[in-house]
Amino acid sequence: MTSYCSLVFLGIFLPAVLVSYMVLPRRLRPWLLLGASYALFWEMSGRLLVFLLFTTVSVYAIGLGLDFIRGKEKSGEEKKGYKKQDKKRYKKLRRALLALGVLLELGILAVLKYAPFFAANVNQLSRFLHLPLTVSVPSFVLPIGISFYTLQAVSYLTDVYRGTIPAERLLPRLALYMVFFPQIMEGPICRYAQTAGQLWEGRPVTWRGLTFGLQRIGFGLLKKMVIADRLNPAVKEIYGNYISYDGGIMALGMLLYTVQLYMEFSGTMDVVVGCGEIFGVNLPENFRRPFLARSISQFWRRWHITLGAWFKDYVFYPLTTSRRLSGLARRLRKRFGSHGAAVLSSGIALFAVWLGNGLWHGAGWNYIFFGLYHFAWIMFENITEPGVRRLTERYGINRESLPYRGMQVVRTVLIVCVGELFFRAEGLRAGLAMFGRMVTDFSLASFRDGTVLRLGLDGKDFFIAAFALALVAAVHLLAERGVNLRERLAAGNAAVRLTACLGLVLFVLVFGAYGAGYIPVDPIYAGF
Amino acid sequence: MRRMNEAKNEAKKGRYWKYGWEAAVFLLLLAVSLYGLSLLFQPKNNREDFGMGEMKANGILAEPENTIDVIALGDSECALAISPMVMWREAGIAAYNCGTAGESLYETYGYLRQALQKQKPRLVILETNVIYKECRLEDYLFSKLERLIPALRYHDRWKSLRAEDLGEVNYTWQDPYRGYMFYSEIVPANVKEYMFPSPDVRRIARWGKKSLDEIVNLCREAGAQLVLVSTPSALNWSYPNHNGIQALADEYGLTYVDMNLLGDELGIDWKTDTKDQGDHMNCFGAEKVSRWLAGWLKGNFSLPDHRGEAAYSRWDEDLKTYQAEGEGVQKSAEKAEKG
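Chains Y and R are the protein sequences, given in the same order.
Here the first sequence is numbered in our numbering, starting from 584 and rising by one per residue.
Here the second sequence is numbered in our numbering, starting from 1410 and rising by one per residue.
Among the hints, erroneous ones may be present.
[Claimed, not checked] Footprint (simulated), chain Y over chain R, 3 or more residues, beta carbon under 8 Å:
id, stretch
1, 1437-1445
2, 1525-1539
[Unchecked claim] Straight-line alpha carbon distances no greater than 30 Å define the calculated DSS-like cross-link-like pairs of lysine-lysine that follow:
id, chain 1, residue 1, chain 2, residue 2
3, Y, K1043, R, K1568
4, Y, K819, R, K1542
5, R, K1744, R, K1680
6, R, K1527, R, K1542
These are calculated hints, taken from the structure and not from any lab test.
No residue lacks a Cβ here, since even glycine has one placed at the ideal position from N, Cα and C.
For reference, chain R alone in the conformation it holds in the complex (with noise of 0.2 Å):
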């Protein structure tokens, strides 16, 4: 009863208003510390050694402007079984892998936005593996709250702050491999045969359907092609996976690619082609799924060959650095086989 009196007699004095005015001006001036803190704390170059996470991914900020005809998103799926130099090499396709390890699909909503600030993008690849991975409420909107406010997504950048800190934003670092994660290993998969045909349906999850939603919506308002494409994994692919994708792909009205289907039409050999018992696809398996990702790609969707245009002089230059160290894996491969 007391209180309540107390709550009446504050009201009648008017004392709210100098509390929403006490109010007002510390939510202005906590906006106005993050903004100031999120300039600070943004990396002020794309490389490990400035902050940046996941700098492969994080390469394209660093492409020239409108460069990159086709982006694939999705995780580690995705990074270590596209390589945009075998898609180079074979058609010509400037294509940039920002495939990152453990992501989820808010996180690829993330990169895909991020793309889309510098670059135009004709198509855009999902490896589908990622729309399975857990999805919570909690991370969804932590991942939008990061987008707003850039200073809890680096927030931790008081530990490395430096002079170059409050400087711009300039980034540099290019990935010659294009985001792709060259991986040599083998470990082979006992399997023979892991696609057996079920009428099952995985559903995915609530606010990973939310964040698909976000990347059709982004790709269309982008004017880019959105693909989901499944590349192979024998051991976290089945088919109720595969229809719970293709039924997406109806949803949406997307083309959908399944190529643990395709069999020997791509030919992945499950004793050399892994990097760890079928899981991951090795540099091996990725030289077959690009492949054949460029024919394709090539043969359904219009995209520019831009092999000997000066622009693109780089992208050979780099094919070299790429064709040589898998020459190298290739000789190495083949001694131990002959030792």
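Next up, chain Y with everything else stripped away, as it sits in the complex (with noise of 0.2 Å):
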């Protein structure tokens, strides 16, 4: 099984699971979901499971030892001599168990994920510096998920040391947080507090979860197998050989890729949010109509939103309220005026954020890239904001006007499709010549002399994703003006309701990207 869009997974593992999960009664529904998710880890990783299980317990020992000193810190308060030192030695105490913790886990994942990249590079740069010295260069098969599960776990001690949650005593309930069988490939990176009582409730299924949930999943996959799996071979073919074509399908390559990756993690993400509902988990969302925000800062606040929050409260505020960083933003203030010193102070946390955010997607310097590329974007943003400001006052435009929002959209869309232009590149160097291509050799004359469609998809292809597109924009459109539609179908005609059903679920089956004639698309966000 490789995805969560597949027909085992779909037709006979989450059939079983929910099954079985009714029949049981409610203390030993957890168990059985916890039973299932390992069963599903093992089916996609085998002895690497074995990871998971070692970051699970080691977890559950470092967030039992921070609540210990904590216990100890607060009876030693009630004693009396308790000295303003005692305290200080716990909350070092403390820090140094939190800081072996997330160094253990994140060292997992930086030599599994990252200690090929290090290696190859160093050979790289000794080679180029003519130095004798050769590391040889590591391979290792990755657990899936891994780079969630660990930012999970992370986020775990983190609540723990901060005192927002208690360490969990019971460790099948961590293990449930840890493993949950739709996060376990792509997500959303739940905090404890959100997911892990939910998970441990065994709430009952109802008709609503039932069929709001298989709604979602119907939509996700309208999402991922229309559009996002249609278009992969055009985008298989733009990128693969970029040699071959011009600046125009270089652009269209840009847009097809944005569209497909969208298309294809938003759309599993439904999947996933639609399993979690099944079983009465309300999972976080991961997508908030990203292609409607006027900035870039509000990009990120709606793709990815979990990854984007984990960074925001794991990394940015730690740094930016560290007592080193306030100091310098204290001496700039005096220098720069407020709002400078905020930028610059805010900019050294906001380039570890990106950096960190880029090579969490992958270790490759396309990916680092990527990161430092949104960093900068935001960073121009957040300076020219207040000129932005001063002149649009200046000049009597109205900022909230349909026309400006309009042109910020259109603007966002623009930047962040050229920074999935090099995400998507085969190597930087790929990416690079692909954007030169796009910029200096651009021209139409691929659309006019039918390159455009020798790239793998015809002109129905293409028709019937962007129809599909359109479809979902004009479901984007409405849940942007808050309509529900699924709340509306639920309190509707029921006429009116099948039909909808009946009509995606047919639509997927006709339009869908899949059997005789496709390659299966594995899921992209499973290889981070």
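Dock chain one against chain two, each of which comes alone in its own frame, and use the hints as you go.
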């Protein structure tokens, strides 16, 4: 099983777990979810399950350790003779234990995911400097979802350290939070307080949860199978053979990949969240109509929301509130004013966030470039914001008018698309070459001479993908205006509801890119 | 807690019945729609322009009822090595080759099932390379679902629907080579010996084994004898492969012949008889394989010789076409050698 959109998952695994869940008494349901989640992990990663088990047990033990020290600290406070020094000592101890936990979890991820990249770069550098140094480049197979569950582990430890949540005493409950089967592959990256309790409750399956969940899964399949998977052959062809095409095709490739990535990732998230809904678990949303964002910072609050929130809470805030950075901000304020100081000091934290974000996506220079590219745009927006505000005020431009907002949305989409070009390119060099070709060799000749229809998609493929995209866009626009279609359907006429559901299923079955003539497409984000 | 109460209330009010009806109506409408779409999308003729893939293998659909005595199944190794026209010329055996490139065992089962709807073969030859093809549960299940709901198999036909698709199914295209894929290219293999004795046994994938079980059972039900045949392939075949197939043949009680072990008796010359460095046979290799196979089948199984029968007059005409192409290739090869 390689995807949540596979027949084995949706046709066998999910129904089997669901039926078993419904017939089991409530107290046994979490155990079923745990067993099913481990079974799925084993099916996908086999013996690499040991890494997940190690992370779970180590996080559990360190969490208890943090709680123990906090307990000691509290009981000490009540005793006579408790000194400030003791408090400092306990704090130091807790911080050391947290650092140990974070380093351990991130260390495993770093070794498995980044050691080959690091070693290859050391070798390249040593060749460049003519040094007699060669490091052997290791090759590891990654356990499925390691980038996702590691971040969950770090968030759990940090939250226990901060005292936002108590340490979990029941190991299986923590284990289920780490491995709940719909989120193993592509997240969302949940916080312990968000899902652990819900998962362990063994909530009953309701008709509403079941139908809402299935509708959400159907909508996700439409995004993935009708749009993302259909566009895949053209994306593969353009990025694999960019040298054969002109700038117009590069621009098309950039656009198609952006659509494919969004439809693939958000479609899979719909399936994931839909699965959660069936079991009465509200998983956090990862997308909120990102292509309606008016700036890059806003885009990242709407795209892969749980990753952005993780970096904000566990990298950005700790850095900006650190003593050194606060001190620096104070010094900068005298010289650059409050806006300048805020931009510059937060810039340091943002740099760390975006470097981390790029690296999280993959061990490659194109991913680092991708992260820093977004960092540069966010900094640019932050720096220019007061100037833009003054200019628009001076010329009486209404920043909330439709044309202005539209211009902002288009600009944001273009910036994002260029970023995705580098993200998908096979290496940074290829990304730069493609971008260069797009800018210096732009022409519409390939659209006129039929090259565009020789990329693996014919006119009908383009049409149906565009039609489905328009459907998705319409649903998103309604959602943006606060219209919840599923609620409307549930409250409305049964005939309309049945027609809509039947139409959705048949649309996916007829126009989906699956079966003979199509190569199955692995989920993109599962690779990260 | 609130959700639990909601669920209890819903149950009390008896609303689950209402939901049950709605679900039943949905499933019924879905089934009716899929049945209708299956009728619409199913190719109405066995030609590519009607949306039928693998035309050569599906050419069997247009063969007159109960005229084929031997059906060969497998992947490209089968499709390029076994020529029914040579077997016809040599022994009057009416055979059809349903092999297709890149085929998996679950697809092989589908071709057999399809062929058995109109034909009652006495013998089914399963070329063994297909047995080692990757066979995932996902694909195995999907193949079952496709057979149940043809709309899933032909769903992409929305692109090519035309007026004829509202009519009846009528398969008319007959392949003069009876499924055999004729290739005359020669790309020699630098190989002398490749079957090095080894005690190792290659295992087959779990879902491949399940498909093999089904093929064996289907042959039994249809009264056809199943024979396992490994055609020569210096690139794909080895002793562990042979041992694995021999173990399967013993398990199922099937006859197995490995042409890779026949040596001079078969006389494959890897300098001239392969189209791609020992992977597949070309027409010269297929001639040797099919001639040997015809003799072996004639000697070991009671297969009728249909030559001269009025019902098979078309086979003689098709043989002429086949021979003409073969002679043309031979002449070009000789010319090239002289030049």
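- Cβ contact check, 8 Å cutoff: the stretch 1437-1445 of chain R against chain Y, three residues minimum: holds (count 4)
- Item | Agreement of R:K1744 and R:K1680 with the hint, judged by alpha carbon distance not exceeding 30 Å | The given pair, whose Cα atoms are some 17 Å apart, holds under the 30 Å limit.
- Message: Need the status of pair Y:K819, R:K1542: alpha-carbon distance at most 30 Å?
- Response: Roughly 25 Å separates the two Cα atoms, so the pair holds.
- Query: If you look at each residue in the stretch 1525-1539 of chain R, do at least three have a Cβ nearer than 8 Å to any Cβ of chain Y?
  - Reply: violated (count 0)
- Message: Does R:K1568 sit within 30 Å of Y:K1043, going by the straight-line distance between their CA atoms?
- Response: holds, 7 Å
- Task: Decide if the proposed pair is consistent with the structure: R:K1527 and R:K1542, CA atoms, cutoff 30 Å inclusive.
- Result: Between R:K1527 and R:K1542 the Cα gap is close to 28 Å, so the pair holds against 30 Å.
Going through the hint list in order, the structure does not satisfy hint 2, though it satisfies all others.
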